[in-house]
Structure formats: C-alpha cells, structure tokens
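Student: Take a look at the letters that make up each chain.
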Amino acid sequence: MIFKFANPLKFQKLTDSIQPFVSYLALILLILGLFFGFFMSPPDYLQGETVRIMYVHVPCAWFSLMIYSVIALCAVFAIVFKHTLAYIISRACAPIGACFTIATLLTGSIWGKPTWGTWWVWDARLTSELILLFIYIGLMIIHNSYDDKSKSDRYASILALIGVVNLPIIKWSVDWWNTLHQPASISKFSSPSIDSSMMVPLFIMTFSIFCFFISILLIRIKGEIIQRKIDVLRLNQLK
Amino acid sequence: MKNFLDFVNSGEHFSYVLSSYFIVFLILFLIFITSSIKTKKLEKEFASLSKNEAKK
Amino acid sequence: MVLEIISVCLKRNKRVIFNNFNLKLNKSQIMILIGENGAGKTSLLDLVAGVLEPEKGTIKINNISSKNLNSNKRDMYTYLSNKDALKENLTIEENLMMWSKISSNKFIETESNNVLDYFGLRNLRKNLVGNLSQGQRKKVTLSKLLLSKAKLWLLDEPFNSLDSKSVKKTIKLIYTHSKNGGSILLTNHIDLNFRNSKKITLVNSHSKLKKNKPTFHKWGDF
Amino acid sequence: MSEFKNLFQRELLINLKNFLVLFTFSSFFIISIMIFVFAFGSDFSAIDGLYKPIIWVILIFSITLVSEHFIYNDFFDGSLKELEFLGYSNELIIFCKSFVMWLLIIFTTFFLVPIFSIFFNISLKETLFLFFYIVFATPSLTLISVVSALFSIQLGRNKIIQFILVFPFYIPIVIFTTSSNNIQTTTNSHNSNFLILIGIFFITLPLCLFISRLIMRELNR
Chain C
1 MIFKFANPLK FQKLTDSIQP FVSYLALILL ILGLFFGFFM SPPDYLQGET VRIMYVHVPC
61 AWFSLMIYSV IALCAVFAIV FKHTLAYIIS RACAPIGACF TIATLLTGSI WGKPTWGTWW
121 VWDARLTSEL ILLFIYIGLM IIHNSYDDKS KSDRYASILA LIGVVNLPII KWSVDWWNTL
181 HQPASISKFS SPSIDSSMMV PLFIMTFSIF CFFISILLIR IKGEIIQRKI DVLRLNQLK
Chain G
1 MKNFLDFVNS GEHFSYVLSS YFIVFLILFL IFITSSIKTK KLEKEFASLS KNEAKK
Chain A
1 MVLEIISVCL KRNKRVIFNN FNLKLNKSQI MILIGENGAG KTSLLDLVAG VLEPEKGTIK
61 INNISSKNLN SNKRDMYTYL SNKDALKENL TIEENLMMWS KISSNKFIET ESNNVLDYFG
121 LRNLRKNLVG NLSQGQRKKV TLSKLLLSKA KLWLLDEPFN SLDSKSVKKT IKLIYTHSKN
181 GGSILLTNHI DLNFRNSKKI TLVNSHSKLK KNKPTFHKWG DF
Chain Y
1 MSEFKNLFQR ELLINLKNFL VLFTFSSFFI ISIMIFVFAF GSDFSAIDGL YKPIIWVILI
61 FSITLVSEHF IYNDFFDGSL KELEFLGYSN ELIIFCKSFV MWLLIIFTTF FLVPIFSIFF
121 NISLKETLFL FFYIVFATPS LTLISVVSAL FSIQLGRNKI IQFILVFPFY IPIVIFTTSS
181 NNIQTTTNSH NSNFLILIGI FFITLPLCLF ISRLIMRELN R
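Chains as they are written, first to last, in our numbering: chain C, 1 to 239; chain G, 1 to 56; chain A, 1 to 222; chain Y, 1 to 221.
FYI, nobody ran anything at the bench for these hints, they're computed from the structure. C-beta: ideal position from N, C-alpha, C; glycine also. A hint or two may mislead.
Unchecked claim - From chain Y, some residues computed to sit far from chain C (all C-beta separations above 10 Å):
#1 Phe28
#2 Thr108
#3 Lys159
Claimed, not checked - Below, computed lysine-lysine pairings styled on DSS-like, alpha-carbon distance capped at 27 Å:
#4 A:Lys56 - G:Lys51
#5 C:Lys82 - A:Lys11
#6 A:Lys11 - G:Lys38
#7 A:Lys126 - C:Lys82
Claimed, not checked - If the Cβ cut is set under 7 Å, some of the chain Y residues that face chain A in the computed set are:
#8 Arg10
#9 Glu82
#10 Leu219
#11 Asn220
Model the full structure from these sequences, guided by the hints.
Tutor: Written out as structure tokens, the structure reads:
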C-alpha cells in the first residue's frame with residue numbers, strides 16, 4: 001500500500017480522479033437515504049417521529065470516533081516511519097472530526113429534548129462525546145500553534161497517542177459515573193434494537209456520510225500538500 | 001407514502017427532526033465549502049509562486 | 001582511536017548540516033572546530049554526545065558505537081555545552097557537588113576545595129550562582145572539568161566571556177590534560193593558536209547549497 | 001539504583017532550596033479556598049457537603065500550576081540536556097522529577113487539608129479518608145501534569161494550552177476519587193474504587209514516561 005502512494009505526483013493524480021466520483025456518490029446515497037428514511041421506515045412506537053434523528057445522529061457519532069482512530073493510526077504510522085503523508089492525513093482529519101462531534105452533540109441534545117424534556121442531559125454517551133470534542137480542540141490547537149510545520153506535526157501525533165490510550169478509560173469511567181449519577185436511563189435512545197426497516201436507511205446514510213468524509217478529506221489533503229509546497233518555495237526564496 | 005404524511009403533520013416532533021437534519025447538513029456543507037475554498041486559494045498562490053520562481 | 005565519526009549525515013529543520021562528514025581524533029590530540037555560527041559546531045558535539053541521532057553514519061567512542069553506550073557514557077567523555085548547566089538557587093559548592101555526584105557517583109570534599117583554588121573561586125564558594133557574573137559562571141563550569149575523570153573532553157566555546165588571565169589558565173589546563181593522554185575536541189569562533197593541534201573549519205551550509213529548483217518527487221522533501 | 005539515588009537527591013536539593021515551588025502551591029491552595037468561603041456567603045451549611053469537590057478541583061489546578069517549576073528551569077538552563085548526555089535515560093529523569101513533585105505535594109497537602117477541615121468542621125475520619133485518596137490519586141495527576149508541562153515548554157509556556165491539552169485526561173481520576181469518597185462516607189465499607197485508582201496509575205505511569213521520552217527527543221532536535 002505504501003508504495004502505491006510512493007510519490008506525491010502519483011498520489012495527486014489518484015486523489016484528483018477519485019474525488020469528484022466520491023462526492024457524487026455521496027449525494028446520490030444521501031438522496032436515497034433520505035427517501036428510505038422518511039418514506040419507507042415507520043415511526044417508532046415509543047418515541048414517534050423523533051427516531052428519524054437517529055439516521056443522522058448515530059452515523060455522526062460513529063464517525064467522530066472512527067476519525068479519531070484514523071488520526072491515531074496515522075500518528076503511530078508517522079512516529080514509526082516518519083512518513084509525511086501520515087502527518088498530512090492526521091492534520092487534515094482533525095477539523096473534520098471536530099465538526100462531526102459538534103454535529104453529534106447538537107443532534108443528541110435535540111433528540112434528548114422530546115424524550116427527556118431538557119436540552120442537555122449528562123448521559124454517558126453525550127458526556128464522553130463532549131470530552132472527545134475537547135480532545136479534538138486540543139489536537140487542533142497543537143496543529144496550528146507552532147510556526148514550524150514539522151514540529152507541530154510531531155507534537156500533534158504524540159498528543160494523539162496519549163488520546164488513543166486514554167479514550168477507552170474516559171469512556172468507561174464516564175459510563176460508570178453515569179450509572180452512579182443517574183440510574184440507567186432506559187430509553188430507546190440507548191441501544192436501539194431496531195427492526196430491518198429502520199436498519200436500511202441507517203446504513204445508507206452511514207455510507208453516504210462516509211463518502212462525504214472521504215471527499216472532504218481528499219480536498220483537505222490536497223490543500224495540505226500545496227501548503228507545504230508553498231512553505232518550501234518560501235523557504236528557498238528566503239535563502 | 002403514508003409514513004411521510006404522518007411525519008409532516010406530526011406537529012412538535014416534525015420541527016425537532018427537521019432542525020437536526022438541517023444542523024448536520026449545514027455543518028457538513030460548511031466544512032466542505034471552507035476546505036475547498038482554502039484549497040483553491042492555495043492552488044492560486046502556488047501557481048503564482050511557481051510562475052515567478054520559473055521566471056527568476 | 002578515541003573518537004571516530006564515519007560518514008555522518010544530519011538534517012536540522014530542512015537544512016543539511018552534515019553530508020558524509022568524517023572525523024578522527026586519536027589520543028592526546030587537540031582538535032579545534034572553527035566556523036561561523038550556524039555552521040553546525042554545536043550540532044557536531046551534540047551528535048558525539050548522543051543527544052542528536054544522525055540520519056546516516058555511525059559515531060564510535062573508544063571503538064564502541066554510540067548507540068549501545070548508555071550509562072557508561074559519563075566515564076568516557078565530559079561535554080560542556082554553551083548553556084552552563086548551573087542551578088541559580090544553589091551555591092557554587094553545591095553545584096559542583098551535584099555535578100560530581102551525577103557524573104562520577106562519588107564526591108570527595110577535599111578534592112573539591114583544591115578544584116575551586118585553580119580558578120580562584122575558593123572565597124566565592126558560598127555565593128549563589130544566580131548573583132555571579134557571566135565570567136565567573138564560566139569558570140565554575142570549567143572547574144567541572146577538573147572534577148571529571150573522563151579522557152575525552154568536548155568543549156563548546158570554552159573561552160567566551162572569560163578574562164585573559166583565566167583564558168591562559170584554561171589553555172594550560174587543556175595542555176596538561178592532553179599531555180597525560182586525554183584528547184580534546186573544542187569549538188571556537190575566534191582563532192586561537194594552539195601548539196600541535198589540528199584545525200577543522202566547518203563551512204556554513206547556506207553557501208554550499210546551490211540554488212536548485214525544488215522538485216517534489218519524494219515525500220521527504222516537503 | 002545508585003543512578004536513581006543521585007537524581008533523587010539532586011531533584012530534592014534543587015526543589016527544597018527553591019522557595020518558589022512550595023510557595024506557589026500552598027498559596028494558590030489557600031487563596032482559592034478562601035475565595036470559595038466568601039463566595040458561599042452566609043449559609044455555611046452548604047459548604048460542608050461541597051468541601052471534598054472543592055478540595056479536588058483546587059488540588060488539580062495547583063498541581064498543573066506547580067508542574068511548570070519542575071521542568072522549565074532545568075530545560076532553559078541546559079541541565080536537562082546535561083542529564084541526557086550524561087547517560088541518564090529520559091524515563092528515569094522524568095520519573096525522579098515527578099516522584100519529587102509528588103512528595104512535595106503530599107507534604108503540603110498533609111498540612112493544608114487538616115487546617116481547612118478544621119475551618120469547615122469536617123470530622124477527622126473524613127479528613128483522613130480524603131487525605132488517603134489524595135495520596136492515591138496524586139501520582140497519576142502529577143505524571144499527567146509533568147507531561148503537559150513538557151508539552152507547553154515549546155509553546156511559549158502558555159498556561160491555557162497546557163490546561164486544554166490536559167483537561168480530558170484528568171477526568172477519569174476525578175470521577176473515581178470523588179465517587180469513592182462519597183461511597184466511603186455513606187456506606188463506610190471498604191470499596192473497590194480506590195483500587196481502580198491504582199489501576200489507572202499503572203496505566204498512566206508507563207504511558208507518561210514513554211510520551212515524555214518522545215517529547216524530550218523532540219526538544220533536542
């Protein structure tokens with residue numbers, strides 16, 4: 001795999017060809033998902049129509065975690081092999097992950113309003129999502145706080161390493177804290193054991209948001225590569 | 001089709017669902033637009049830089 | 001062969017400092033590195049001291065590669081970097097006591113007294129290092145050399161901010177050390193004439209770099 | 001073992017003679033509790049229930065503030081680099097620094113916490129248990145704050161960034177200390193929460209030492 005992206009030119013051509021295809025696929029799947037979500041699937045007997053928020057909320061939650069694992073994977077890859085592509089990917093992923101976490105938090109609180117009557121509930125998942133947002137903010141701060149790009153990359157990958165090890169501990173301790181703080185709030189919201197008619201739109205929406213994430217990632221990676229080319233040219237002009 | 005009609009006139013829930021979809025697509029659209037604008041700006045800058053680099 | 005640097009390559013924040021650099025230092029030899037600042041004098045001493053890892057090439061101290069040296073490093077060489085590692089809130093005596101404890105794991109009271117005499121710091125020994133002048137602090141760092149038993153000395157600009165009397169003393173110190181078998185590698189930006197010493201000038205990498213158009217063919221050159 | 005002894009004596013000598021370290025920690029601790037007292041206004045009954053969380057929050061903030069004194073002076077006057085080229089491994093250096101920091105923190109809280117529990121007429125048993133949990137929770141707190149201090153050396157010693165980076169990693173420790181405190185006082189049976197604290201310590205110890213080795217390699221580059 002590594003040798004396929006052996007040099008930036010080949011990688012650039014590859015991504016340029018894939019990028020429009022993926023974003024159109026995302027649009028098509030989105031329309032399909034919406035159709036299935038609103039037309040084909042029945043409302044939930046307990047929650048009524050608000051269960052349709054799940055088709056958006058659950059994929060965003062999955063992606064906020066998946067993107068952090070992508071960043072962590074690139075961080076490990078970067079520290080071991082010192083490959084600039086890994087630094088570029090982890091730098092490009094951080095803002096997208098933060099946006100997904102913000103989306104999850106907002107939709108989660110909107111979903112909580114009808115079921116619990118308040119906008120914000122210290123539910124285990126929402127709290128750990130909030131902490132994940134702080135980790136993303138920390139990552140983004142480290143990414144942009146150094147003038148020398150290579151130094152900020154290395155420090156950000158080290159921070160990602162700490163985050164990866166601590167994330168399960170945080171999730172587990174928040175779950176434990178939540179059961180202590182508030183008896184297990186049994187609600188459809190916790191683990192939706194849903195029948196097939198709701199599963200289909202969920203997967204279609206997940207796949208469409210995945211394609212959307214890939215296309216944004218490719219755009220940001222291209223921008224990152226060009227940014228570094230400009231830095232090198234500026235450096236040469238300085239000499 | 002019946003599901004959609006029940007959904008439309010489901011009163012309070014309709015506004016919650018619609019606003020959450022609106023928020024998610026707004027955020028995704030925002031990040032898509034900002035990153036593509038940033039990339040285009042960088043491309044122009046790089047083109048101009050490499051042009052006068054070649055001129056020198 | 002006390003110190004051997006074999007074809008070392010080093011790149012520091014996108015600037016090539018050393019490209020296949022070789023150096024040999026044998027017993028009781030004094031070697032002086034001359035070059036403007038930024039030419040890599042301190043980076044070379046950092047390389048030898050193992051603080052910086054070279055991208056290519058190996059460094060041998062007493063024919064042992066510096067990679068598998070660890071705690072016995074401190075008996076092989078003493079490195080005085082340009083930043084004097086003295087704690088401001090401790091007195092001179094305590095600083096030297098700590099240095100000898102860390103570097104050679106033992107501290108003899110009487111030995112430290114005559115060490116202080118060499119640079120005339122005996123009556124100053126109770127003062128905090130914080131309110132010493134820059135020259136006196138340099139003398140304290142140089143008197144660390146008297147306490148250390150290592151054969152190889154790596155000195156980074158030992159003469160700056162010293163008055164002429166103590167410059168002569170340090171030169172005498174270096175000669176006595178090289179006479180009884182020690183070897184010294186020191187960097188200096190002003191040209192001091194040393195008897196039987198080898199001079200190496202490090203050329204600044206800017207001038208070497210020819211103006212080539214940057215091609216982005218490899219991931220490395222981003 | 002002699003290496004550890006030398007480094008330990010060196011750190012102890014430096015930090016005990018440096019008055020600023022103890023002063024910053026204890027003065028921040030006292031001042032913030034005073035502010036809490038006046039913030040509560042007249043009804044003093046409310047503070048009895050909230051005494052423990054206040055102590056924990058202030059302890060965390062003062063630990064993060066004090067961690068800077070252990071790292072910056074050594075880095076900026078070159079002795080951190082000197083320890084490295086003397087052959088001491090990075091982990092040992094950082095372990096000795098955080099060990100001494102932990103001792104100083106335990107030493108000061110040992111005096112401060114009873115004083116304040118007398119002020120808020122907290123029973124002796126509760127104070128003992130509180131101090132017992134402080135002894136078990138602060139090792140991992142110090143390790144994390146030392147790593148955050150290492151991070152913020154290169155960031156121009158920016159305190160805000162140090163807090164934002166470190167805030168998510170304090171949360172599990174805080175959760176388990178306060179909850180074990182509450183269970184301890186209500187059921188006063190021996191609960192397993194503080195065992196989880198020890199577990200968390202054994203995770204943070206190798207992680208923080210490994211991370212500080214990576215950062216110290218960056219600092220020299």
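Student: Give a verdict on every hint.
Tutor: Structure-based check of each hint:
Look at Phe28 (chain Y): its CB is around 23 Å from the nearest CB on chain C, clear of 10 Å, so calling it non-interface holds up. Every C-beta of chain C lies more than 10 Å from that of Thr108 (chain Y), the closest at about 27 Å, which supports listing it as non-interface. At roughly 13 Å, the least C-beta separation between Lys159 (chain Y) and chain C is larger than 10 Å, which holds for a residue marked as non-interface. Restraint check for Lys56 (chain A) and Lys51 (chain G): not satisfied, since their Cα atoms lie roughly 36 Å apart, outside the 27 Å limit.
Taken as a hint, the Lys82 (chain C) and Lys11 (chain A) pair is honoured in the structure, with Cα atoms around 14 Å apart against an allowance of 27 Å. Proximity of Lys11 (chain A) to Lys38 (chain G) is assessed by CA-CA distance (about 31 Å); at most 27 Å being required, the pair is judged violated. Taking the CA atoms of Lys126 (chain A) and Lys82 (chain C), the gap is about 49 Å. The hint is violated against a cut of 27 Å. The interface hint given for Arg10 (chain Y) holds, since its Cβ lies 5 Å from the closest Cβ of chain A, which is under the 7 Å cut-off.
Checking Glu82 (chain Y) against chain A: minimum C-beta separation of about 4 Å stays under 7 Å; hint holds. Among the interface hints, the one on Leu219 (chain Y) is violated; its C-beta lies about 10 Å from the nearest C-beta in chain A, farther than the 7 Å criterion. A distance limit of 7 Å between C-beta atoms decides the matter here; for Asn220 (chain Y) the minimum to chain A is near 5 Å, and the interface restraint holds.
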